[in-house]
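*Asks:* Given next are the chains, with one letter for each unit.
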Amino acid sequence: MTSQTPPVLPAVEQADAIIQMRGIVKTFKNAAGEFTVLKGIDLTLQRGEFVSIVGKSGSGKSTLLNMLTGIDHPTSGQVVVDNVDIYAMTESERSLWRGRNLGIVFQFFQLLPMLSLLENVMLPMDYVNMYAFDERPQRAMELLELVGLEKQAHKLPLAVSTGQQQSAAIARALSTNAPILVADEPTGNLDSRAAGHIIDLFDELAQRGKTIVMVTHDPSMTRRTSRTIIISDGELVDETIAKALPLLSHRLMRELSRKVEHRTVPPNQTIIQRKQPVDKFFMIASGQVEVVLEGRKADDTIIARLGPGEFFGEIELTRGGKSIASVRVTPEGPVELLALSRDDFNWLMNVSPLTSEAMTRIIQSRLEENRTSDRRKRRRWFR
Amino acid sequence: MRPRWRKVLSDLVDNIARTILVVSSIAVGVLAVGVIAGAYVIISNDMSAGYAASHPANIEIRMDDFDDDFLNAIQNFEGIANAEGRRVFGMRVRSVGGTQWTMLNIVAVQDFEEIEINQLTAIGETGALGKNEVIVDRDVLDKVDAQVGDVLEFQLSDGTIKRLQLVGTVRDPATNMDDFLAPPAAYITMSTLPALHQPENYNRVYAIVDSGQDDDTHIRAVATALKDKIEKSGHAVHSTWRSKTHEHPLAATVNAILGILMALGVLIVFLSSSLIANTLSALLNQHLRHIGVMKLVGARDRQIFGMYLALILSFSALALLIAVPLGGQGAYALARYTADEMSFSLQGYRIVPIALVIQIAIGLLVPLVAGFVPIINGSRVTVLKAISGNLVQGTGDQAEGGAKRESRLERLQLRFTQMLNRRGIQIPRPLLISLRNTFRRRGRLALTLFTLTMGGAIFISVFNVRVTLHDYINAIGNYFLADVTLDFDRPYRLNEVKQYAAQVPGVVTVEGWAFANAEILYPDGSTADNMSILAPPAESELVSPILVAGRWLHPDDKKKLAVSDAILDLFPDLRVGDNLTLRINRQDEAWQVVGIFKFVGSQRLLAYAPYEYISLDQNLANRAYSYYIVTERHDRPYQEMMAEKVDAFFRDNGFHLREAKPGLSTLDAAVESLDILVAFLLIMALLTATVGSMGLAGTMSMNVLERTREIGIMRAIGAVDREVMRMVIAEGMLIGLISWVLGALLSIPFTYLLATIVSLAVFSTPIEVIFTPTGFIIWMVLVVILSVLASALPARNAARLTIREVLAYE
Amino acid sequence: MSPAPPPSSSNPPLIELREAVKTYVSAAGSFTALKGVSLTVQAGEFLGILGKSGAGKSTLLNMITGVDHLTSGEVIVQTNGRAVSVHELDENDLALWRGRTLGVIFQSFQLLPMLTLVQNVMLPMDLCGLYRPRESRQRALELLEMVELEDHAYKLPTFISGGQQQRVAIARALANDPPVIVADEPTGSLDSVTADNIFDLFERLVETGKTILMVTHDHGLMPRFSRYLRIADGELVTEEANA
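Chains as they are written, first to last, in the numbering used here: chain A, 1 to 383; chain B, 1 to 810; chain C, 1 to 243.
Bound-form chain A, shown alone:
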């Protein structure tokens, strides 16, 4: 990495981070007044991630994407892509930068209608002057082969199906070999079969090392990505919450994000002691914890290991009473937790019946498991 600009973020985070957004605020003004679409977004994306950004219409997800692509200016905040502060450039420099570093895929494909598919794919190379002039047709053809369009290469966009147009748009996005692909509802205008094909294509590209950021509101698409970022009314929902409690509405997730308390617990430390009262609900952001039935000596029984996106403490909060098992951090490393107070948890169970139902099911299954473990353990003691 070059060091012309002072590092904007601590080195630890930079290791593999390709996109960093810091405190992004976007306010639109018109005669009707101001409207803040993005309310301070912090987001780091790692190299090679296949990320989906999910949100309802009006949630600000397209604006967020525009911030990332340098298409729109943030009102405040900073976007650093591959160590380049993209809003320190002029609009024209940014165009060139974008051409070389981002491949953009639009909902409505946006191929230029007067150029054949092949020519469309060559165009970015012409604009940013990458690859020798004579090599460009061959490279473009290879890309079209990659997306299975070599036979349509010389047709105009309007003469092929919309799915094919989107495939060609992806080939175009790849033509300058940009490390990042950005896609705004790439399947939004396709039937389900064509959409499936496009997602397969993204999957393959992600495996080849591209960083892919995709905006969508289709849950079937988010399942295929390695990470999902939810945006709701201009704020990012804590990913841990989204993972742990997927049935919450985005609005509730966002409210919850504000209520939780972040904690880091060092290795081997016990978070919950068996038989002690519990007054918090914990969700794991990173690291792992062990659920342990402690023996008298060192013969503890580990009944479960919980990782990111999982939670604990719910049994005690719902059923009252004391902890039935201890929970402690694994020796491998610290764990980051989100803690929710009892009152907030109860409020949550009240406002989201779906989550409450799901929670009940989980509690039942966990209790079941606990009981069998406990029995096993007892049996061992008496032997």
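To be clear, the hints were calculated from the coordinates, so they are not data collected in a lab.
The structure displayed is predicted, hence computed values, not measured ones.
Each hint should be verified, as a subset may be incorrect.
[Claimed, not checked] Straight-line distance between alpha carbons at most 25 Å, and here's what the computed PhoX-like set of lysine-lysine pairs gives: (1) B:Lys385 with C:Lys155; (2) B:Lys162 with B:Lys143; (3) A:Lys29 with C:Lys155; (4) A:Lys259 with A:Lys322.
The hints should help you fit chains B and C onto chain A, whose structure is shown.
*Replies:* Same frame as chain A, but now just chains B and C:
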């Protein structure tokens, strides 16, 4: 106001630039036609009225000296209502202290206040003309650089100088109207004549017939009878001229020129209508969504049609509001300019009803016709197309997964590019975009090309016509190749003049020419017309005639001559070898025509016969009044310098020299009047070019507007500002260059057409067309500049668009 | 929310689609967006049509509004006690019929930008001729009052927020007092609070007896319809009534 009319009003007001474009396209056409139609009516009325008001002579006779008694006889001649005598002679004049002599026609009248025929119009405070005072034609002031109140010096034939007081200026609307070459006039009373060493006699008769003043046949009959009588009484008649009272001699010419301008005006209307059609269809296109919404909430075709009809009529009304008063003023200004140039008075500013009607008709009908198809198409558009076409721009009507077929032109373009590719030729894609964008809106392209091509073709043609006319004038110059001409008051021997002339450094050769006046007679003995016979030495190098038929002169030709092609107007069947009956010095003789040559104007009947014969015939063997000198160089300044030198030399040596003048000056008047005509044509050409580039600018901004989204895409995939601007300008230039090629091709027939019409109007004969690269080159440069300018603004707007604006779907 | 009216066999349904098929034909082949959809809508229903983009829900709506033409099948709408075969009307009759019978609302509001709010609301009355000019202004102001925008009546659409624009669009849809309101993703481009307000407005309209058809892809809205149907790849998947 009801919402729909409110919307029409907003459409009119909100996009000021577009409104201005449409209104000015309509106004340009209305204005052009209004100016010309108005001027046409004013000029053709007032020119003849003004001419008639000056009581023009129906008959002018140039003859030898006569007195008041003789004039009385003429006045009493049967068929003559009134007659006046004047003495007209040439004399050189300069202001006191001036160095440059100017040749003037001095006109002596009996009583300046009492002129009844060919009345003069006083300019400014022109008082009574007394003895030893002079009043001049207003053109003279500039030429001699004098003011009223100054003293002018007149050079007498013996070299002495006489001073006269300049007491006023006049304009002569009647005399010598059709003679391009006549010098301007100065007026004195008969009583001043002795001071100028001139006899107190008349040498011209100006007569008005008592009936049939507009009947040429009658006038000719009276003229012939009068001339007979004059000659029978022992006087010699040099020439006679005829004119109708109520028809200005140049009316036909002026009307023909106005007719050409009118044709160009109509063309401009055509061009502007294609501009209107273009803009309106783009407007309707931009309004598709509005139309869709209105139809969705219940609007029917008829209502939409009505709304846009109202919009167009508002455009028309605005255009008329601007163009009609402007057109009226313009018409009057043009008429005044013409009147000024041609010395007639206008009857004052007025609104010409017919021009008004034409303007209103054009202002209303042209936009309606031009806008009809776009409006009909716009109002018939279906809601689905109107709404989806806008919401999912670019994917058009296949939002649900279908695909359109490529058009034939698109396939052709693709194949062509592929073919080039196979041969290893790649067109960079950004250029390819410009190329293909050019042909995307083919209807719009066609209309744009039409206007720009027409503008260009006319522009180029005007240059060609200008060169053609100048070439023709130069060709006339072939009959006056001398660098200096000398006119003496008495004949001198050839050898004597040649010997003296040879002493002036710079003189190369000298020729003595003879002249004769002849009447051409019809077989029945009546006079057909007058004709001047010029008699250069047969071997003369100073005439290089353009022969239409036959041969040029031989030294031993007797009673043989070459005549100008104007003779064919009188004798259409005349062939080389035929005889003409000429009356020279009251003798009727048959002359054989050996050649017919081309010469300007049908009224200028001219013939050449060898000096060798004519001089003998006139008992002037080896002598001549006129000498033509060839000098070492032939440019105008040198000629003027030599004329001064030769003039001084001969006068110093006691010759009675009337005038030495530079050869090319003969053509001055002709060139000047043609240049006015060319200037008019050029203004019209520039107007068409303006309409054309307005069309291009409109087209380019519509194109950019429609392609806003595509431009956003280009920027999203890496195109920088420069690239976007280059793309738009390349397209504009491409359109410009295509129109240049088409215009260049079209200019060929246009040149022929325009040259023929103009030369028929001015010279009454078609002339040989000459092409010059000037017009082609200037138009090429101009069209490139215009198209860059026309697309620069849209391009800049395009480059300014941020991608977000572009991609923000509602 | 008013309960869904019991389907009565004596009254013909307000809107009826019979085997509606829509096929788009193009060079790349034909594409069937609606594969024989049959459905009936009773007066007073608040019907949700759910589906992903591209599922055919907008096409379905276009068939009912007569904006697009069926490839085969029938669309019948009861209008003033008369059964109108929408698919048989020509463009002009459709325009007038639609203006008087349907209020149409879009995701993107589609107000005319050069007209003030009150004029936008007056426009359908002006074009359909059901109200006299003076009457129509009075009525437009009342409708704006209903959507709580009377203070902005003389502003242009660009000077109010998106949610306010959509409320104006609703007022415009009500201008000719049509029995049916058709809305295509009316909350699609609004933030959630604004969307809620708009939805409340729709519910109030149902209470006043309007029949509303709404296309959406937001499953969160499901419980608020009196009945909803899902459409996927051009076919109705389920049809459920909410209690």
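*Asks:* Against each hint, give a clear statement of whether it holds in the structure.
*Replies:* Hints, verified against the model:
At roughly 29 Å between alpha-carbon atoms, Lys385 of chain B and Lys155 of chain C are farther apart than 25 Å, so this suggested pair is violated. For the suggested pair Lys162 of chain B and Lys143 of chain B, the alpha carbons sit about 19 Å apart, so the restraint of at most 25 Å is met. In summary, the hint linking Lys29 of chain A to Lys155 of chain C is supported, as the alpha carbons are separated by about 17 Å, within the 25 Å threshold. Distance check on the hinted pair: Lys259 of chain A and Lys322 of chain A sit about 24 Å apart at the alpha-carbon level, within 25 Å; holds.
In summary, the one numbered hint that this structure violates is 1.
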